[in-house]
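**Student:** Taken in sequence, the protein lines are chains F and W.
When we follow the working numbering, the leftmost residue of the first sequence carries the number 4, and every step to the right adds one.
When we follow the working numbering, the leftmost residue of the second sequence carries the number 4, and every step to the right adds one.
FYI, nobody ran anything at the bench for these hints, they're computed from the structure.
Watch out, some of these pointers could steer you wrong.
It does not matter which identical chain is meant; a pair holds if it fits inside one copy or across any two.
Okay, derived cross-link-like pairs now, SDA-like style, lysine to any residue, Cα gap no bigger than 20 Å in a straight line [said to hold, decoys possible]:
no., residue 1, residue 2
1, LYS283, GLU461
2, LYS292, THR271
3, LYS338, MET4
4, LYS468, THR458
5, LYS141, ALA152
Chain by chain, the residues run as shown.
2 protein chains.
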Amino acid sequence: MPRTLIADTVNKVGETVQLAGFVDTKRDHGKVTFIDLRDRSGKVQIVGYKMLGELKVESVIQVTGEVKARPAAQVNPDLATGTVEIDVKSYEVLAAAQDLPILVDGDGREINEDIRLQYRYIDLRRERLNRNIRLRSKFVRALREGLYAQDFVEIETPILSQSTKEGARDFLVPSRLHPGNFYALPQSPQQYKQLLMTAGFERYFQIARCFRDEDLRADRLLEFTQLDLEMSYVEDVHDVMDPVEKVVKDAIAQVGGKLRDAQFPVYTYEEAMKEFGADKFDLRSEAEKADGTLAFAWVIKFPFFKKVDKSDAAEVIDGKSGWTFTHNPFSTPEKEFIPDLLAGRNIDKIITAQYDLVCNGYEVGGGSLRAHTREVLEATYKIMGYSQEEIEASVGHMLRAFDLGTPPHGGIALGLDRLVAVLTGETSIKECVAFPTSGSGSVSVMSAPGAVTGTQLEELGLSVKEQA
Amino acid sequence: MPRTLIADTVNKVGETVQLAGFVDTKRDHGKVTFIDLRDRSGKVQIVGYKMLGELKVESVIQVTGEVKARPAAQVNPDLATGTVEIDVKSYEVLAAAQDLPILVDGDGREINEDIRLQYRYIDLRRERLNRNIRLRSKFVRALREGLYAQDFVEIETPILSQSTKEGARDFLVPSRLHPGNFYALPQSPQQYKQLLMTAGFERYFQIARCFRDEDLRADRLLEFTQLDLEMSYVEDVHDVMDPVEKVVKDAIAQVGGKLRDAQFPVYTYEEAMKEFGADKFDLRSEAEKADGTLAFAWVIKFPFFKKVDKSDAAEVIDGKSGWTFTHNPFSTPEKEFIPDLLAGRNIDKIITAQYDLVCNGYEVGGGSLRAHTREVLEATYKIMGYSQEEIEASVGHMLRAFDLGTPPHGGIALGLDRLVAVLTGETSIKECVAFPTSGSGSVSVMSAPGAVTGTQLEELGLSVKEQA
Numbered sequence: 004m005p006r007t008l009i010a011d012t013v014n015k016v017g018e019t020v021q022l023a024g025f026v027d028t029k030r031d032h033g034k035v036t037f038i039d040l041r042d043r044s045g046k047v048q049i050v051g052y053k054m055l056g057e058l059k060v061e062s063v064i065q066v067t068g069e070v071k072a073r074p075a076a077q078v079n080p081d082l083a084t085g086t087v088e089i090d091v092k093s094y095e096v097l098a099a100a101q102d103l104p105i106l107v108d109g110d111g112r113e114i115n116e117d118i119r120l121q122y123r124y125i126d127l128r129r130e131r132l133n134r135n136i137r138l139r140s141k142f143v144r145a146l147r148e149g150l151y152a153q154d155f156v157e158i159e160t161p162i163l164s165q166s167t168k169e170g171a172r173d174f175l176v177p178s179r180l181h182p183g184n185f186y187a188l189p190q191s192p193q194q195y196k197q198l199l200m201t202a203g204f205e206r207y208f209q210i211a212r213c214f215r216d217e218d219l220r221a222d223r224l225l226e227f228t229q230l231d232l233e234m235s236y237v238e239d240v241h242d243v244m245d246p247v248e249k250v251v252k253d254a255i256a257q258v259g260g261k262l263r264d265a266q267f268p269v270y271t272y273e274e275a276m277k278e279f280g281a282d283k284f285d286l287r288s289e290a291e292k293a294d295g296t297l298a299f300a301w302v303i304k305f306p307f308f309k310k311v312d313k314s315d316a317a318e319v320i321d322g323k324s325g326w327t328f329t330h331n332p333f334s335t336p337e338k339e340f341i342p343d344l345l346a347g348r349n350i351d352k353i354i355t356a357q358y359d360l361v362c363n364g365y366e367v368g369g370g371s372l373r374a375h376t377r378e379v380l381e382a383t384y385k386i387m388g389y390s391q392e393e394i395e396a397s398v399g400h401m402l403r404a405f406d407l408g409t410p411p412h413g414g415i416a417l418g419l420d421r422l423v424a425v426l427t428g429e430t431s432i433k434e435c436v437a438f439p440t441s442g443s444g445s446v447s448v449m450s451a452p453g454a455v456t457g458t459q460l461e462e463l464g465l466s467v468k469e470q471a
Numbered sequence: 004m005p006r007t008l009i010a011d012t013v014n015k016v017g018e019t020v021q022l023a024g025f026v027d028t029k030r031d032h033g034k035v036t037f038i039d040l041r042d043r044s045g046k047v048q049i050v051g052y053k054m055l056g057e058l059k060v061e062s063v064i065q066v067t068g069e070v071k072a073r074p075a076a077q078v079n080p081d082l083a084t085g086t087v088e089i090d091v092k093s094y095e096v097l098a099a100a101q102d103l104p105i106l107v108d109g110d111g112r113e114i115n116e117d118i119r120l121q122y123r124y125i126d127l128r129r130e131r132l133n134r135n136i137r138l139r140s141k142f143v144r145a146l147r148e149g150l151y152a153q154d155f156v157e158i159e160t161p162i163l164s165q166s167t168k169e170g171a172r173d174f175l176v177p178s179r180l181h182p183g184n185f186y187a188l189p190q191s192p193q194q195y196k197q198l199l200m201t202a203g204f205e206r207y208f209q210i211a212r213c214f215r216d217e218d219l220r221a222d223r224l225l226e227f228t229q230l231d232l233e234m235s236y237v238e239d240v241h242d243v244m245d246p247v248e249k250v251v252k253d254a255i256a257q258v259g260g261k262l263r264d265a266q267f268p269v270y271t272y273e274e275a276m277k278e279f280g281a282d283k284f285d286l287r288s289e290a291e292k293a294d295g296t297l298a299f300a301w302v303i304k305f306p307f308f309k310k311v312d313k314s315d316a317a318e319v320i321d322g323k324s325g326w327t328f329t330h331n332p333f334s335t336p337e338k339e340f341i342p343d344l345l346a347g348r349n350i351d352k353i354i355t356a357q358y359d360l361v362c363n364g365y366e367v368g369g370g371s372l373r374a375h376t377r378e379v380l381e382a383t384y385k386i387m388g389y390s391q392e393e394i395e396a397s398v399g400h401m402l403r404a405f406d407l408g409t410p411p412h413g414g415i416a417l418g419l420d421r422l423v424a425v426l427t428g429e430t431s432i433k434e435c436v437a438f439p440t441s442g443s444g445s446v447s448v449m450s451a452p453g454a455v456t457g458t459q460l461e462e463l464g465l466s467v468k469e470q471a
């Protein structure tokens, strides 16, 4: 007999069906045992007479039984299948469960995080997490379809790549074929996506995995996912912001999200700092916060450069002159500031064609129109104090690509983990990732990072230093 | 004036339009210059009187001009826009191109591969590659939609993970937060996807990036992409093979692929070896080869175990007893062989519930029904000579998950790079990847792998050995 999904039982009163799923809850009433059986489509009450009593919750079973309408007084309004129950004729235990290390019937927030991550495959049975992960899939599908409709092409870019010094530390991957040399995991596909514009694809996107070897502050992940896109023949920041806003709004509508503003308000950096004292802010009233409203806004007209923060090692390296970029060295200034950039003057006044997307107090995305000529990119690096040789060593391949004809272009990256978190009302992005890393950088379920063998190190031409 | 896509010019005779694109070809006839202008939608002839002559091919320009119908005698049947040409009124050079290091108007096969990869962003302008990458996007979109229609959920699994000894060498990633310890990049999401079945998702898929640190034989990539999926409550190999076959066939139809067989023929391993002397084979006639037909077939009923090949280091490690798995240690035997597996007898006769998908002589996918109980997985490892302690150390987390209730399940992984190669008629998968690695393991465009600084190594607790 083919399996029936639990949600479909309501339409099969009087029929004999086969169901399969987890024992969600169990109540014994002497000879009669009531079980809520759970599959991907929902839950239904199944009733066993002189049977089912020995089953432990969270065991996996297959049952055959008759769908019976419940008397009006016994209808369960809390269950989508509350009008029926299954009179079990026979059943088979597909996988017996031992006692669970964590309970899955609450929201789980009170459970120690390390235990939740160790047993993530149990934690994910929790309705809240299950819903988050399913909503993520649906949301990403909607984003993709919105982009396809606008003629974007999805293109994969490498994970094994070159260190590109994008602000945070790179994860390194030792090369066995070139001992003593390393690949780096990408902090973003920034350079590859610009090169796809050189290649003429015009409209690229990717749901891209990115990596940052950071000290794990609250709610940062070692690996994260961004919706990454780039467009050619753009002249104005709105040429990117408008299609992105449309795709985001349509996708949110498809997953039932509630927007505060039909059109996202736009603030300049100066206005935002004056009004909120920060370049990310929460526009919601208390009532809007309570009902899960999403308040998006754009922030534009950021300063291109800032004075180096001497306590930040990466900034000191990048900003040899005492100046470094605020957002992205590959950005172009707003048109009227290009002469200043090329001349290296009024550096603190130069405005970059950058746009950040904020939502409910978080930065959920950022992008810019890019340098697409040698002159502009070189001028940016010169302001940061790079010599011509250092520029060639750092971004020579980009300059070469610009020399060979690169259309004007711009793009954006949206933080998908954070977007799903605001959509689901979660504060922690970990609640929206199936297998996140722990606060100490350990992966969920498995034992990593871990030791490796001497042979493996030998092959890589490496040795591990004694730890003090 | 908004930009018009070149393909749309045929419907705008008499109108003034603005176009943007690359100078594809140029012919000077004294005062008149003819250019084929190329954008993502196609090419069109533009005509300049006393202008355009100074442009180098592959420069990026924006032109304003009038769409004129060509006289019947001058219609170009080779161009979709061959009925019109653009009488240029004015134009702007958006990015002047210098002389190109490689030509992009042929199929490029005669050009040195290293040069092609160094200038991949130019190589990708080539019509053949451009078409391959666009078709890949379209094909993946169709696969995804087919899976969504069958109620699959897309879920991302970690890239920073644990070494799982799946046959090839793992890439390792040193941990800075845990000096001397390493993450491994996944060879497949095998264990995570099985754990998603424990979590109750029932139908998972992912377009997953995977990694193998292999000596680069012909046409292997260090990183590759697979369509990875897993399903719960499957009893028979056809419960996975049938929906997968449907998704693949529908997606191929959507990109205009031509199938030899409306239903993929199924061979047992024994039949395949007898008929073709191999477990992958090409069913096409010479005529079918010439017209790009795709000949898929399934191969089933493989032996579960084989004698260890003593020249293969990985097999020697896995097969301590002299036996190792042929395909996947997480597979389950076909039902009737479970008693033999549990008893560790007739080892050479045990048939695994494995299914491989072959196409045009290549293996394009493989999967199996899985062990979902402690007994079966332990028995498999015992046959390979693992002690109980070694089993716990290696797959203890999987056994624990099985103890906590895991539905019977099975899945498959399809090699997406190879599938796109057979679809596009390419022999090399590199022609279907935007930025592939070279034969020596160098990444395209950038200089990686490369040296890193002493500070970086210091932070990771590593030192590089002097190379002899």
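**Student:** Now, for every hint given, state plainly whether the structure supports it.
**Tutor:** Structure-based check of each hint:
no.	hint	in the structure
1	LYS283 with GLU461	neither (48 Å within a copy, 36 Å between copies)
2	LYS292 with THR271	neither (24 Å within a copy, 60 Å between copies)
3	LYS338 with MET4	between (69 Å within a copy, 19 Å between copies)
4	LYS468 with THR458	both (16 Å within a copy, 13 Å between copies)
5	LYS141 with ALA152	both (17 Å within a copy, 12 Å between copies)
Violated hints for the displayed structure, listed by number in ascending order: 1, 2.
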